[in-house]
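Peer 1: Residue numbers (UniProt numbering), protein chains in the order written: chain G, 1 to 444; chain B, 1 to 444.
These aren't lab readings, by the way, just hints derived from the structure by calculation.
Treat the hints loosely; a few may be bogus.
Which copy is meant is left open, so a pair is good if it fits within one copy or across any two.
Stated by the list, open to error - Okay, derived cross-link-like pairs now, DMTMM-like style, lysine to aspartate or glutamate, Cα gap no bigger than 25 Å in a straight line:
1) Lys410 x Asp420
2) Lys106 x Glu264
3) Lys156 x Asp420
4) Lys277 x Asp83
5) Lys302 x Glu102
6) Lys277 x Asp322
7) Lys254 x Glu278
8) Lys325 x Asp83
9) Lys105 x Asp366
10) Lys156 x Glu80
11) Lys407 x Glu189
Protein chains: 2
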Amino acid sequence: MLDGLEVEEGKEREDFAGFKIRPRLIVYPKNEEEIVRVVNYARDNKIPIVTYGAGTSLSGHLQCEGCILLDMKYMNQIIEINDIDWYTRVQPAVNLEKLNSELNKKGFFLPPDPASYFLCSVGGATANASGGMRGVKYGTFRDWVLALKVVLPNGKIVKIGEPLRKNRGGYDLLHLFVGSEGTLGIITEIWLRIIPLPQRKTYTIISYVNDIEEAGQLIYLIRRNGIIPEIAEFIDGEVIRALNRELNAGLSEKGGAFIISVEEDYLPKLQTLLENKEYIITEGEEAERIYSIRAQSAIALKAETKLMYVEDIVVPVSRIIDAIKRIKEIEKKYNIRMPIIAHIGDGNLHPNIMLDDPSKAQIIFDEVARVAIELGGSVSGEHGIGVQKARVLAEQIISHNGREVLKIMKGIKDLIDPEDIMNPNKFVELAYKLSELDESTIPR
Amino acid sequence: MLDGLEVEEGKEREDFAGFKIRPRLIVYPKNEEEIVRVVNYARDNKIPIVTYGAGTSLSGHLQCEGCILLDMKYMNQIIEINDIDWYTRVQPAVNLEKLNSELNKKGFFLPPDPASYFLCSVGGATANASGGMRGVKYGTFRDWVLALKVVLPNGKIVKIGEPLRKNRGGYDLLHLFVGSEGTLGIITEIWLRIIPLPQRKTYTIISYVNDIEEAGQLIYLIRRNGIIPEIAEFIDGEVIRALNRELNAGLSEKGGAFIISVEEDYLPKLQTLLENKEYIITEGEEAERIYSIRAQSAIALKAETKLMYVEDIVVPVSRIIDAIKRIKEIEKKYNIRMPIIAHIGDGNLHPNIMLDDPSKAQIIFDEVARVAIELGGSVSGEHGIGVQKARVLAEQIISHNGREVLKIMKGIKDLIDPEDIMNPNKFVELAYKLSELDESTIPR
Numbered sequence: 001m002l003d004g005l006e007v008e009e010g011k012e013r014e015d016f017a018g019f020k021i022r023p024r025l026i027v028y029p030k031n032e033e034e035i036v037r038v039v040n041y042a043r044d045n046k047i048p049i050v051t052y053g054a055g056t057s058l059s060g061h062l063q064c065e066g067c068i069l070l071d072m073k074y075m076n077q078i079i080e081i082n083d084i085d086w087y088t089r090v091q092p093a094v095n096l097e098k099l100n101s102e103l104n105k106k107g108f109f110l111p112p113d114p115a116s117y118f119l120c121s122v123g124g125a126t127a128n129a130s131g132g133m134r135g136v137k138y139g140t141f142r143d144w145v146l147a148l149k150v151v152l153p154n155g156k157i158v159k160i161g162e163p164l165r166k167n168r169g170g171y172d173l174l175h176l177f178v179g180s181e182g183t184l185g186i187i188t189e190i191w192l193r194i195i196p197l198p199q200r201k202t203y204t205i206i207s208y209v210n211d212i213e214e215a216g217q218l219i220y221l222i223r224r225n226g227i228i229p230e231i232a233e234f235i236d237g238e239v240i241r242a243l244n245r246e247l248n249a250g251l252s253e254k255g256g257a258f259i260i261s262v263e264e265d266y267l268p269k270l271q272t273l274l275e276n277k278e279y280i281i282t283e284g285e286e287a288e289r290i291y292s293i294r295a296q297s298a299i300a301l302k303a304e305t306k307l308m309y310v311e312d313i314v315v316p317v318s319r320i321i322d323a324i325k326r327i328k329e330i331e332k333k334y335n336i337r338m339p340i341i342a343h344i345g346d347g348n349l350h351p352n353i354m355l356d357d358p359s360k361a362q363i364i365f366d367e368v369a370r371v372a373i374e375l376g377g378s379v380s381g382e383h384g385i386g387v388q389k390a391r392v393l394a395e396q397i398i399s400h401n402g403r404e405v406l407k408i409m410k411g412i413k414d415l416i417d418p419e420d421i422m423n424p425n426k427f428v429e430l431a432y433k434l435s436e437l438d439e440s441t442i443p444r
Numbered sequence: 001m002l003d004g005l006e007v008e009e010g011k012e013r014e015d016f017a018g019f020k021i022r023p024r025l026i027v028y029p030k031n032e033e034e035i036v037r038v039v040n041y042a043r044d045n046k047i048p049i050v051t052y053g054a055g056t057s058l059s060g061h062l063q064c065e066g067c068i069l070l071d072m073k074y075m076n077q078i079i080e081i082n083d084i085d086w087y088t089r090v091q092p093a094v095n096l097e098k099l100n101s102e103l104n105k106k107g108f109f110l111p112p113d114p115a116s117y118f119l120c121s122v123g124g125a126t127a128n129a130s131g132g133m134r135g136v137k138y139g140t141f142r143d144w145v146l147a148l149k150v151v152l153p154n155g156k157i158v159k160i161g162e163p164l165r166k167n168r169g170g171y172d173l174l175h176l177f178v179g180s181e182g183t184l185g186i187i188t189e190i191w192l193r194i195i196p197l198p199q200r201k202t203y204t205i206i207s208y209v210n211d212i213e214e215a216g217q218l219i220y221l222i223r224r225n226g227i228i229p230e231i232a233e234f235i236d237g238e239v240i241r242a243l244n245r246e247l248n249a250g251l252s253e254k255g256g257a258f259i260i261s262v263e264e265d266y267l268p269k270l271q272t273l274l275e276n277k278e279y280i281i282t283e284g285e286e287a288e289r290i291y292s293i294r295a296q297s298a299i300a301l302k303a304e305t306k307l308m309y310v311e312d313i314v315v316p317v318s319r320i321i322d323a324i325k326r327i328k329e330i331e332k333k334y335n336i337r338m339p340i341i342a343h344i345g346d347g348n349l350h351p352n353i354m355l356d357d358p359s360k361a362q363i364i365f366d367e368v369a370r371v372a373i374e375l376g377g378s379v380s381g382e383h384g385i386g387v388q389k390a391r392v393l394a395e396q397i398i399s400h401n402g403r404e405v406l407k408i409m410k411g412i413k414d415l416i417d418p419e420d421i422m423n424p425n426k427f428v429e430l431a432y433k434l435s436e437l438d439e440s441t442i443p444r
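Only chain G is shown next, with the shape it has when bound in the complex:
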């Protein structure tokens, strides 16, 4: 049934975070029709399908045993860049950095900038609704996808959404599919909204602070004063030292660095707010260097530890200081190091759990996630759920939204994928199963 397709025997792979992918078959489709054949084959034989872009997901989205791995590497074309309608239409395996460099040539860009932008595929970033530093101003992929072509689990090819800024064409299924982690269908084409490159001069300011509390106070002040930053980041003292050691970053070894970029007309107001602080104003190449150093923070940390688990919680911006205090308590309780990298401007915190012994990882991971749940936040801002966060996802939904909401989500999975072949046993489906099985840990 798969005659003529490029198929190889299932060799084990590992994703970026170390989750194991053990497929029975790997298929390299060249077009939609081939994908339809694979989907029909998988459905007829009840074999799970996992779609592989660049393998940069962080929460076990790709983990599988005996699945068909659909490696999209050949479907990597930029189909169209439309400079009047302000969209680009691409195949899923196109590299995000490459896409942006083509867009830049025409004066446009796609704002979301996951730290893996130079590695990741646009399809993966769409399936995961990925974000990045620019999220504080521009949101995540959720805010930039206009339409998708998808092969549904029943083998039908459909378009979801329209490549239009405004469209009231029925229930919004687009946002169901964006961030669905491969559980509802195979994305074969993506229309993304693009905008003109910023034309205003921007400045990047580093302010060295004693601790993240001081950075938290700063961001409260900046928000209250109505400054919309391009990026607003925090790295703590441990991250600074790792960056200096690993990348020769040349940063001051203080308790932390608050990094903010603003358009030039915000600069005077920002300087007033920074009065009595130690800060450096940069622009041009030096500003780019700082952005790049910040982007490599997790890599620098990872170079210095055996095992590292990257958390991805979100708390309301106004609760950042509370969140940090709670995270520090967890650090103490388990006697571990948990350096913090944060998109502090939008409340998205990445505590990095460093361990020699992985046996406690999940317990600590979940404990940090529960801080977010208790403070009215979310267990994931941009890395997604996969297998790793399914339990805490269930806890979040049941306590914040209501058990009924988890049921509706599961109902939608069943409606679209009744044979349960699309990346099964992860994300919402796994959260639902855990909530049904394990009465003790899930609040009712």
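Once you've looked at the hints, dock chain B against the given chain G.
Peer 2: Chain B in isolation, oriented as in the chain G frame:
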């Protein structure tokens, strides 16, 4: 069962567009618990519920016979304005203008500006994913709602989404509920993202053009040159004359007026693009007057005709000129007047069908909608579907997205509202029924 609630016998009402609302009962709930009681009563007795905000919808969203009308007028409080987390939390019947004036006092605003902003409720604008002139830059309500509290058809109170800019907490149900036209549940609270008031000086430019083709060429040029306008509007010669007669607008009676607002640093580039055109640069009060005149265009037209049907199609910006030509042909064919008001910057066109005899209204209406479908657009950008556009919605989805997509949408309605009590027989449900019944007009 409804003891203690404020209930009155069903008196007939008419919505803003003249659709008849003929409830058997009108209930004025004061809180969620009362709504739950009404929903349970309706479900037990299989009576449809229609939710009434301010009655400003335009496509028959409220039309009913023998329904329970839930008039939300008492639930009109602003619960919170959060100047660190940048959201506001409100009850659904709060008036949009009032909300914005409270936000303005704190230095914030909620961008989407439907022309009915001074009348409409925030709940209605959410249920309809409403847009407005600022849509070209800021999108519609779809882009600004963060979370909802909802009474589901089964009587359970749930929260959908989180009041966070980033949240990967399961499938995105939020965007299913935003724009669902009262068909999935009753909205009882809304968290909306807010942003600081613009700090840059803006200018509003009117350029008089010979016709909409010339305006179309202008917008192509502006888009290609990477100018992001605050608003980009067009009104044709007939609209100008009606505004002069009805509102003493003092506009030049040319073939049309292209109205664009930009931040000051775009002005030099824009002036270069307008070389050889007749244009006037305004700011401050005069710019506000022009915005207000443009906002009242439909009212001015309505004053001069017996019956007027407001279309709301979207086409890709690059197809505006083709769309206009096709609309002019329809005008000729039926020998009617169809003056055009357009959010030309995002391709959202409002041809206003003026008739003495309503019998041909739906035929003409559908014919205009089909122009959008054929050009890759949408039958509605911001007014929604209701009963009026259900047939063309089915045509759009089946020809652009695939029949399977309409089935999934209907499946979601059945999943969440299995007894079909929430504003039944409209929107997606009606589109689905028409597509099943009427084989001749719906493409298969």
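Peer 1: State for each hint whether it applies.
Peer 2: Right, here's what the structure says about each hint:
| no. | hint | in the structure |
| --- | --- | --- |
| 1 | Lys410 x Asp420 | both (11 Å within a copy, 20 Å between copies) |
| 2 | Lys106 x Glu264 | both (24 Å within a copy, 23 Å between copies) |
| 3 | Lys156 x Asp420 | within (16 Å within a copy, 28 Å between copies) |
| 4 | Lys277 x Asp83 | between (43 Å within a copy, 23 Å between copies) |
| 5 | Lys302 x Glu102 | neither (31 Å within a copy, 48 Å between copies) |
| 6 | Lys277 x Asp322 | within (22 Å within a copy, 58 Å between copies) |
| 7 | Lys254 x Glu278 | within (11 Å within a copy, 59 Å between copies) |
| 8 | Lys325 x Asp83 | between (47 Å within a copy, 22 Å between copies) |
| 9 | Lys105 x Asp366 | neither (44 Å within a copy, 41 Å between copies) |
| 10 | Lys156 x Glu80 | within (24 Å within a copy, 46 Å between copies) |
| 11 | Lys407 x Glu189 | between (30 Å within a copy, 21 Å between copies) |
When each numbered hint is compared with the structure, violations occur for hints 5, 9.
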